[in-house]
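Chain residues, written in single-letter form:
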Amino acid sequence: MYDYVLSSIIFLPLAGFLVILFLPKNNFNLIRWVASIFSFVPMVISFYLIYDYFIVYSGSADMVYIEGPFKWISVINAEYFLGADGISVPLLALTGLLSFLSIIASFNIVNRVKEYFAFFLLLETGMMGVFCALDFFLFYVFWEVMLVPMYFLIGVWGGPRKEYAAIKFFLYTLFGSIFMLVAILVLYFTSEPHTLNMLTLIQTAPGLGHSLQLFCFAFLFVAFAIKVPVWPFHTWLPDAHVEAPTAVSVILAGVLLKMGTYGMLRISWPMFPEATRFFAIPVALLGLIAIIYGALVSMAQKDLKKLVAYSSVSHMGYCMLALGAWGSVTALAGCMFQMVSHGLITGALFLMVGVLYDRAHTREIAAFGGLGVKLPIFTGLMVLFSMASLGLPGMSGFISEFMVFIGSFSSFKLITALAVLGVVLTAGYMLRMVQRIFLGEFNMAKWGGLAEMNAREILMVAPLAALTVAIGVYPSPLSNVMKATLENLVNLVAR
Amino acid sequence: MLEYAYLIPLYPLLAFVLIIFFTRWKERLSSAIAILLVLLAFVHSVFVLVAMLGRHGAPVELSTPFIDHLIIKLELGMWIDALTAVMLLVVTIVSSCVQIYSLGYMHNDPRWSRYFAYLSLFTFSMLGLVIANNFFMIFIFWELVGLTSYLLIGFWFEKKTASDAGKKAFITTRIGDLGFIVGILILTFYVGTLNYQEIFEKVTSGTLSGGILAAAGIFIFCGAIGKSAQFPLHVWLPDAMEGPTPVSALIHAATMVAAGVYLVARAMTLFAGSATASMVVAVIGLITSFLAASIALTQNDIKRILAYSTVSQLGYMIMALGLYGVDYAHGHHSAGYVAGTFHLMTHAFFKALLFLGAGSVIHAVHTNDINDMGGLSRKMKTTTITFFIASLSIAGIFPLSGFWSKDEIVASTAGHPVFMVVTLLIAFMTAFYMFRLCFLTFTGEPRDKERFEHAHESPKSMTGPLTVLAFLSVFAGWVGLPWLHRGFSSFVYHDQVHHAGPHYILMIISTMVAVSGIGLAYTIYYKKVISADALARRFKVLYKLSFNKWYFDEIYDAIIIRPILGSTRVLWWFDANVVDGLVNLIGWLTVKWADLKMWFDRYIIDGTVNGLGYLCMAGSWMVKFIQSGSVQFYTLVVIGGAIGAVLYRVTEVGFYFYLIGLIIVALLSLLVKMTRPDRVGTEPNIEG
Amino acid sequence: MILENLSQLISDISTQPLFYLFSFVIIASAMCVVSLKNIFHSALFLILTLFAVAGIYILLHAEFLAVVQVLIYVGAVSVLIIFAIMLTSRLASKKIEQSNEQVTLGLFICVLFLLASVGSLTYTAWNTVDLPMIEHNILTIGKLLMTRYVLPFEVVSVVLLAALIGAVVLAREEKA
Amino acid sequence: MLQYLALSAILFAIGIFGVLTRRNAVGILMSLELMFNAANINLVVFNRFVGPDNLTGQIFALFVVVVAAAEAVVGLAIVLLLYRNWRGIDIDRINIMKW
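Residue numbers (the numbering used here), protein chains in the order written: chain A, 411 to 905; chain B, -9 to 678; chain C, 36 to 211; chain D, 9 to 107.
Just to be clear, a hint being listed does not mean it is correct.
Said to hold, decoys possible - Computed list of lysine-lysine pairs in BS3-like fashion (alpha-carbon distance at most 25 angstroms, straight line): (1) B:K16 with A:K784; (2) B:K150 with A:K784; (3) B:K369 with B:K518; (4) B:K150 with A:K712; (5) B:K16 with B:K63; (6) B:K149 with A:K712; (7) B:K450 with B:K517; (8) B:K582 with A:K572; (9) B:K149 with A:K784; (10) B:K371 with A:K823; (11) A:K856 with B:K150; (12) B:K582 with B:K518.
To be verified - Computed from the model, here is a short list of chain C residues facing chain D with C-beta under 10 angstroms: (13) P52; (14) I74; (15) S77; (16) Y92; (17) I120; (18) A151; (19) A160; (20) D165; (21) I169; (22) L179; (23) E208.
Rather than coming from a laboratory, the hints here were simulated on the basis of the structure.
All values derive from a computational prediction rather than experimental measurement.
Each residue gets a CB set at the ideal place from its N, CA and C atoms; glycine is no exception.
Isolated chain A, as found in the complex:
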């Protein structure tokens, strides 16, 4: 019965995309609900998948739910080849959840509703595909497929500087993709017989010469690093996040950034063990820079959304630090945890910012103050997510950061010790933000009209809050899901 489970996750949103194209343009509710249904079903399947994986496969490092390889473009040996393991299954579930919540969060879009939801579903297809593809060409196709709807989602429904942000995002990512394409070509032509099958390449690519490995690794790294984004490739992120509509920011932060780190875990690390070992310290250093730098820059932000955006840079730095510590399962598990928890927390923060923006029509931190008086639920949730973001125990952020620290300390003592500083800096900017928005004197004249969150809004962040706390309190199921895969990964890198 699992024969086509991954395909169904990938292509159900695409089907929804097609269905929406045939719906009447002015029937907003119909479009919204169709989009919700077509993202709800993949979400349910992805949840079932992670459950099933946990029950049945969590002890093995093999690819499961494999589809193919089916011949696709036989001239270049491109195949339709899908599969999932302990790395991709949690990310699939995360994607499913965030996509559904984002679509729910987009119900207040009134401009070009049909196109919006159509693009959104197309985007979901691309994201799901990236996490399932086991063929390089397929991977690349999904990677690019996701770009286009994202470009339009930012460029059409975005904020005042949307064109700039959209073009920047698109060009930047495309720039990276080209490096990836070069690396793919190198891999294709150096393999004998020529193949694009990732699983085969993981077996054969380490046989490449030292310099060629470094070359491919560096090229793929640029592509993934732009997506993560690693300092100094991060400047597209604040612009894109700030200008994008709320739901798109959620997807950007929650899923798209993960694709970079996922690519490293899935492709770069196992394929080029020698290069990984060679570049371990630079990667960790980049992580450290991102942590400290992102946090400091975030502290200087006046725009709430930009603050959250820069906090993403900082938080993804933990992933890079962990990736540098390739030899530790704990570090890699920490990286995975950080990916998931950052997706949940930052996604939620963006949703909350969106909720506030919908009401106040500004995101200027200095414009607010004392909202805690008027909006207790909103404040409570926002404080909760801020605390989760700054790594408070009991929430997923703490688990991931702690695991990253433990894992990478064995490889890099000084770098890790310095990275711990990030915890304080994060606390610094998060608390400043909370203080300036929610605490202090309440300006009744200006914000007296703000309404408390409505049921839809509470419902869309509640699952995120629940999962954040759940992972924070009881992380071991999630860690069991990825355990075997990561152990195998460490062995692959140690080759």
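Given the coordinates of chain A, assemble chains B, C and D onto it according to the supplied hints.
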């Protein structure tokens, strides 16, 4: 009961969950739930203590894995020994008292339910911290305690100072936690476990020693520095007094700030293994204690005086524990460990009492400034009596509980002359500032008549806890009477029982010191024989230093906060202009390059194509005149051509000659056609 | 009979002067035809030319043709032309420019044509025979037309008919 | 013989000149007649000097005369039509087929 001790923290957690999710709107019910469950925890703690007494302190451990596939095992568990049992009791007693007290103090607060929820969450965190059996778990609760402290300090968040203080507290303690994390990381890496007992076994067996042990100890002590407000991170605690007074009593006097001391006591084996680490601990404790006491001498805010007093007393405990570690590392036992933990317990009671008393006073006069008080003893009998009891206790007057614990601390400095002298000096200062506070607040003439008129004794819900705590302040110390052979020291101990026995000389000295301190305060502030102002003028520099808290806030602001905020702005500028500027520059250059290409494309490449087109058009424009529509012209051309052909055949002159000739003819004819004025009315006039 | 006698007469006397006379008339009047401003005068000169051509025919022993020339051209076509002129323009009164701007070129072409044709005439080796003309050529023509050339003859008559009908159709006033 | 042919050539050339230069449609027709005559002269001349034993040349000349007559009829009809539609028979004006 003992094996279910892990339930103790869960009672208040249950209260928190119930209040937040279900009874937030029913205020009375919320507070009832909170108090009921904390009392339940108290009762359970009593049972645990009794059970522990029955086992003579033999520890109980229970644990469950948290994440188990890591390079180390992270687990959640409980470790109950004598220290834990005592702490559980102290925390639950103080917490219960404070929550009951809050019923009166917080009445009519708009966020009543939330207040009790936070208190419950705090109690949960604190109990979890106490009960933890490993460093990972203690760190978790350590942070949660920090969170609740943040929430409660900033409870009246409309006040800027309150929200600032909350933020300051959280961040400052978190700076200490950085060290704590690094310490934990060191332990993970070099020991491979975070479980107390496993680590301590490694230490006692000598597997872990030397520099790494010292580093681990010092880094872990950083956590204690932050949480227990030790120098140089003590600055947050006085500010934390912006929170509601019961909160100050519970968190910032009796329990949370004691967590640092508890941590040091709990990890005593680590410190005891390294004389360096222990010495650092002791010195930090001494500096803090002296610094805080010196600042407390001149403050005017009743709660701040108590806060500095707290810092000072915590320094005492830390110092005692540190000295114990030093002694132990050098191979001989001292009373330090018992002194520290004993003082931790007694201090909790009398400091909570002091704060609650101060709260009662504030509740009555609605001000924190002792210059606006005076003569309150006439209006607030219970408060005055309990406050004096607590003050006597903290000053170390026989036979109150503070006397016994402070005596032990003084005793533990035996063998360290510098420490002993400074300790006695601090004891003197403590007695002085406490009674300065008492005399200024409760005796003399009211300095603010209006406030005095409105002052009244607090309700029963507030005086009740005061009485209970006063009782404890008097008698709690008696469990550690030096003459008792099965007292506190034989219950809570490190490694082996060390029964010091009474030091009569020290007792006399310390009592004399305390009495002289009280006497000085009496002469200055009660009898007013010596003018306080004159003294202040006399020792102007010292007075200013003390009054301005040694300028720590200013120094930190100048050397840490401003540079960081400045660097954030610089980095933000850097990010927006240099990093992003680079990206935009590349984009701009690309666009310019594209413009150049476009220009080239438009004018050169396309220009060539278009030029050809224009050429063709021009040519055809000329040639089109051949198509004149004039039949005669066509005829001319035909005939001319025919003749040309004939001539060519006939004369056999070169083909090109004729071609050229023909072209000349054609051009001539064109010329004719083109020069011809178009005198044609072209529209056909079709009729009919 | 008279015609035959006439031709006999002409052949008897030297044909040279007559030829030059006719040639002069033909060339001069033809030039008038193409260059006179008054189209009516041109038409008159055309008639003169046609007469002179008929004279040439006689010199060449084509008496029947000469007669036909006079009958058809001078008698019919010329009249037709004159009618047309009178129908189409206020002729005599008009002294407008009757030739277009191609005069020079046309002249040039004509000169070239003359050069070419005269050149080719001169340089061609003409396969001439010095035989007398057939006697009774009118009789012979009649016979030939009815026998050997009967088909072209009929075709020509059809052509004439078609031209007749065509002319009527073309020139007919459209009824409103 | 040559002088006859020369005459014919001259006549033809004059006809050409007329066709090329006359502006009046009738004038063109008349020039055409001249050319027909030049051709006829040729036919007759060759009949006389090249093949005097038969009369083919003359008969063809006869046909030419007939065709010329027919041409004249049709041509003149067209001229009439032109005149009616264009209020004149100036060939120069009738150039609506130009570029």
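Practice task
Of all the hints given earlier, name the ones this structure violates by number, lowest first.
Solution key: The structure conflicts with hints 5, 7, 10, 12, 13 and 19, although it agrees with all the remaining ones.
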